[in-house]
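Colleague: Protein sequence lines correspond, in order, to chains A and B. Okay, so the first sequence: first residue is 1 according to my numbering, each after it adds one. Okay, so the second sequence: first residue is 1 according to my numbering, each after it adds one.
Because the hints were derived from the structure by calculation, they are not lab data. Any given hint could be a false lead.
Taking lysine-lysine pairs in the BS3-like style, the calculated list, with each CA pair at most 27 Å apart, reads [claimed, not checked]: (1) A:Lys191 with A:Lys119; (2) B:Lys86 with A:Lys16; (3) B:Lys86 with A:Lys94.
Calculated Cβ distances over 12 Å to all of chain A for the following chain B residues [claimed, not checked]: (4) Ser3; (5) Lys109; (6) Arg207; (7) Arg305.
Chain A regions said to be covered by chain B (calculated; three or more residues, Cβ under 8 Å) [stated by the list, open to error]: (8) 17-28; (9) 56-63; (10) 230-244.
In this text, a Cβ means the ideal position worked out from N, Cα and C, and glycines have one as well.
Letter by letter, the chains look like this.
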Amino acid sequence: MFATNKDSVIIQSMNKIESVKAHVNENRQIKDNYYLLELETEAPIPKMFPGAFVMLSFPGRLDPLLPRPMGLFQVLEESGKSCRFNIGYVVIGKGTRLMSELTKGNVLGCVGPLGNGWKMDLLNSAEKVILVAGGIGITPLYIPAMELAGKKDVTLLFGGAGANDLVFTDKFEKLGIDIKLYTEDGSQGSKGFVTKGLADEITDNSAILACGPEGMLRAVSDIALQKGIDPQLSFDKRMACGFGVCLGCNIAIKEEDGVYQRRVCKEGPVFFGGEVVW
Amino acid sequence: MVSKVDLSVKIANHTYKNPVMSASGTFGYGTEFGDFFNPAILGGVVLKGVSVARVEGNPSPRIYETTAGMINAIGLQNVGIDIFLKDKVPPLKKIDSKIIANIWGRDIKEYIEIAERMDSIQELDVLELNISCPNIKKGGIEFGVDPVVAGEMTALVRKATGKDLWVKLSPSASNIGVMAKAVQDSGADAISLINSIPAMAIDVKRRKPRVANVIGGLSGPAIKPIAVRMVYQAAKAVNIPIVGIGGIMTAMDALEFIIAGASAVQVGTAGFINPHVFEDIIEGIEQFCLDEGIEDIKELIGSIRV
Ligand SMILES: Cc1cc2nc3c(=O)[nH]c(=O)nc-3n(C[C@H](O)[C@H](O)[C@H](O)COP(=O)(O)OP(=O)(O)OC[C@H]3O[C@@H](n4cnc5c(N)ncnc54)[C@H](O)[C@@H]3O)c2cc1C
Ligand SMILES: Cc1cc2nc3c(=O)[nH]c(=O)nc-3n(C[C@H](O)[C@H](O)[C@H](O)COP(=O)(O)O)c2cc1C
Ligand code: FES
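Throw the hints in and build the complete structure from the sequences for me.
Modeller: Have a look at this one:
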C-alpha cells in the first residue's frame, strides 16, 4: 500500500511558471464559434514550449470564478519583457463566451507556461510523424508541425463534426505538410471519424501526437498500440489551479508497480496511450 | 499618523508574523507556490491533509465550478505519513514561517497514530485536526457533526501530542457554538473553521452528478457569509483563538473574519485563481490599518460592534 520514491517527483516543478497580467491585442472570430486570441503578457514569463498551456482568468470577476486552461497555439514574440502568443478557442460555455467578448486592451490573468508538453526529443528517431486533431485540439499541434515540417514526413489527420469545426487549416497548409480532413457529416473531406484512416498511415517507424476529445484519444491509442506505436496524447480535464495543488484534474496511469492518480496539469497533459487506464 | 503596523498575532504557544495563512488541501505540501512567492511571507503554512496510509482519492471528475464557488471531491488524496515524513517534511526547514500539519483518519486510532508520529518532528509547529471525515465505525457519518465524538477525539489526540492542537470544524455541525465549546473543553488550543460545505450539482441533460463522488465540498466566495457567521458564533462560545476560513478573496474579506472574532485566516480557493493573492491580502490588511490609524492588528480581532 505504501508509495514508492516516485512520489517525491510528484510535486517538483519541472518548468518554472509565473502568474502575470496579459493584455488582449486582438480577438478575432475565425468561423462560427471559433476564435483566435492574441495576448501579450505585462511581464516576462518563463520560456514557452510545444504542448504548453496557460490558465486564463477574469480579474475581479467571481463568476466564472476559476481560470480556464488554454493550449499554446503560436508564440509570436518572446523577450525579456513580455511574451506575445496566440490561443485558439471554441465557445462552449460561460467562460469561453466571456472570452469571445474580449476586445483590445482588456486584461486577463495568465499563469504559465504549464504542463509537461510534447516529448519532442522522442520524435527524432521517427521517420514519419502523424498528428491527429479533433476540433480545437488542432492548436497545440501547430508548433510541432512547424518544427518538423521539411525535416520529416509529417501528416495531419484533422477531424470535426462539420466543416465549421475544421479551423486554422490554412496555417498548416502553408507548412507544406500532408493534410487529410474528416467530418462526421461529410460536409468537408472524407465522411467519418478522424481515426478512420489512421491505421493505413502508420508505418513501422512512425510517431503519433494527438489532441482532441477523450473518445478520439482512446480510439487513436487503440489503433496505434495495435500497430506497435505508443502515441503521445494531450488530455483535456476540468482544472481548478492548473499547477498541481488542487488535485482536481486526475487521470489513472499505469506504472511499473501499480496504478496511480496523476495530475493532467502537472505530470500531463501529455501521456502515452499505453500508460492510460481508460 | 500611524507609520507602522504590528501585524503579528498570537495563537496558543506561537506567534505568527501576520494573520494570513494557506488552507489545507489548496497549497500542496508547502513548497508548490515557490515559483510565485516565498511561502515564508505567510503567517502560517497549512499543509495538505495527511493520513496513516497513502490514499489515491476519488475517480474523475473531482471538481466542478458553481456560481462564485467550486465543488471538490478529491477524496483526501495524499502520500501517507511515511512518505510525508521522508520526502515532504525536509524541504519545510527552508520555510521561515510556522508550519501547520493537517491530519485526518478513518477512525480515532489513526488520528492518534499520526499525532504521535508527528509529535517529535521539529519542522511542524502545529497539528490541525480535520474532523470533517467519514467515521468508519459510525457508518460513515462525519466525526465533525457530533460534539461528543469530536470532544472524545480531541481529548485523545491531545494526549498524543505536546504541539499546539487546532481542531478544524465542519460546517455540518448542527450547533457550531456547542461544537466549539466541546473541543475547547477537551483540550484544543485553537479552532479553525470552516471546512468546505457538503454540496452537489447535477448535469441535467445526462441526469448525472457533476463529480464522480456525487457529493463534494463547496468552497470559494459563495460560502463566505456562512463562514463569517460561523466564526462569529464560535468566537462567542469559546475563549481560545479562532482561525477563520471560507471564501476569502481580498483583504476586506479577511478583515471581516478578523472583526467577527478570528485571530488569523486561511486562504484556499482564491490561490487557484491568483497565486499572488496571499501577498495582496497581507498588503491590503496593512494598508487598511494604516488608513484607519490602527497600530496593531490585534485591536481588530473580535472588534465587531453589534
Ligand atoms: C490543457 C488544456 C488545454 C486546453 N486548450 C484549449 C484550447 O486551446 N482551446 C479551447 O477552446 N479549449 C481548450 N481547452 C478546454 C477548455 O479549457 C474548456 O473548453 C473551457 O474551460 C470551458 O470553459 P467554459 O466556461 O466555456 O465552459 P463551462 O461553462 O465550464 O462548460 C460548458 C460545457 O462544457 C463542458 N466542459 C467544460 N469544460 C470541459 C472540459 N475541460 N472537458 C470536457 N468538457 C468540458 C461542461 O461539462 C459543460 O457541459 C483546454 C483544456 C485543457 C485541460
Ligand atoms: C481542492 C481542495 C482540497 C481540500 N483539501 C482539504 C484537506 O485535505 N483537509 C482539510 O482540512 N481541508 C481541505 N480543504 C478545505 C479548505 O482547507 C478550506 O477549508 C475550504 O476550501 C474553504 O476555504 P476557501 O473558500 O478559501 O477555499 C480543501 C479544499 C479544496 C478546494
Ligand atoms: S488542476 Fe489543480 S492539480 Fe491539476
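Colleague: Within the stretch 230-244 of chain A, is the number of residues with a Cβ closer than 8 Å to a Cβ of chain B three or more?
Modeller: holds (count 8)
Colleague: Evaluate the condition: distance from the CB of B:Lys109 to the nearest CB of chain A exceeds 12 Å.
Modeller: B:Lys109 is indeed farther than 12 Å from all Cβ atoms of chain A, at 17 Å.
Colleague: Need the status of pair A:Lys191, A:Lys119: alpha-carbon distance at most 27 Å?
Modeller: 31 Å, violated
Colleague: Verify the proposed pairing of B:Lys86 with A:Lys94, using a straight-line Cα cut of 27 Å.
Modeller: This hinted pair is violated, its Cα atoms lying about 43 Å apart.
Colleague: Is it correct that the beta-carbon of B:Arg305 has no partner in chain A closer than or equal to 12 Å?
Modeller: 27 Å, holds
Colleague: Beyond 12 Å from every chain A Cβ: check whether that's true for B:Ser3.
Modeller: Nearest chain A Cβ is 30 Å from B:Ser3, so the label holds.
Colleague: Please work out if B:Lys86 and A:Lys16 have their alpha carbons no farther apart than 27 Å.
Modeller: Roughly 25 Å between the alpha carbons, so the hint for B:Lys86 and A:Lys16 holds.
Colleague: Looking at B:Arg207 again, its CB stays over 12 Å from all of chain A?
Modeller: 19 Å, holds
Colleague: Are three or more residues of the stretch 56-63 of chain A within 8 Å, CB to CB, of chain B?
Modeller: Check passed, 4 qualifying residues.
Colleague: Okay, the stretch 17-28 of chain A and chain B, do three or more residues pass the C-beta test at under 8 Å?
Modeller: holds (count 3)
Of the numbered hints given earlier, the model fails hints 1 and 3; all others are met.
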